[in-house]
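Student: Position 85 of the sequence shown, counted from 1, bears residue number 89 in our numbering, the numbering being contiguous throughout.
It cannot be assumed that every hint is accurate.
Below, a list of computed lysine-lysine pairs in the DSS-like style, where the Cα atoms sit at most 27 Å apart [what the hints assert, rightly or not]: (1) 76 to 22; (2) 9 to 72; (3) 72 to 22; (4) 22 to 35; (5) 9 to 35; (6) 9 to 36; (7) 34 to 9; (8) 22 to 36; (9) 76 to 9; (10) 22 to 34; (11) 9 to 22.
No lab work stands behind these hints, which were simulated from the structure alone.
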Amino acid sequence: SFYQKFVLFFFENWVNCKIYFHGDYQEIIKKKENVLFISNHQSSVDWIIANMLAVRQGSLGHIRYILKTELKWIPLYGFYFQQVKIK
Numbered sequence: 005s006f007y008q009k010f011v012l013f014f015f016e017n018w019v020n021c022k023i024y025f026h027g028d029y030q031e032i033i034k035k036k037e038n039v040l041f042i043s044n045h046q047s048s049v050d051w052i053i054a055n056m057l058a059v060r061q062g063s064l065g066h067i068r069y070i071l072k073t074e075l076k077w078i079p080l081y082g083f084y085f086q087q088v089k090i091k
């Protein structure tokens with residue numbers, strides 16, 4: 005969605021969030037397979053990074069989340085979570 009891409013643009017350009025890959029990521033990103041991404045909560049924005057990856061893979065409409073309900077109050081993303089009824 006346009007709103008989702010806008011929020012990602014904000015995080016990447018204004019907050020200057022960067023993603024660094026390690027390992028055989030070139031082989032992994034070539035594959036079009038389902039993925040189960042389980043975050044170990046090293047940061048409070050793990051789900052934003054998952055979204056950044058989904059945008060680059062053209063999979064933004066196919067990503068699903070299970071998050072704490074408190075996250076719906078986060079600026080910018082909270083509105084998105086409420087619109088798509090994140091569980």
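Student: Does each hint fit the structure? Answer for all of them.
Tutor: Hint-by-hint comparison with the structure:
1. 76 to 22: Holds - the C-alpha atoms of residue 22 and residue 76 are around 24 Å apart, at most 27 Å.
2. 9 to 72: The hint holds at about 22 Å.
3. 72 to 22: With Cα atoms ~24 Å apart, residue 72 and residue 22 stay inside 27 Å; holds.
4. 22 to 35: Answer holds: residue 22 to residue 35 is near 22 Å, not above 27 Å.
5. 9 to 35: Between residue 9 and residue 35 the Cα gap is close to 23 Å, so the pair holds against 27 Å.
6. 9 to 36: holds, 21 Å
7. 34 to 9: Distance ~22 Å between residue 34 and residue 9 Cα, so the pair holds.
8. 22 to 36: Holds, at about 23 Å.
9. 76 to 9: holds, 18 Å
10. 22 to 34: Holds - the C-alpha atoms of residue 34 and residue 22 are around 20 Å apart, at most 27 Å.
11. 9 to 22: Cα-Cα ~16 Å, so holds.
Hint compliance for this structure: no hint is broken.
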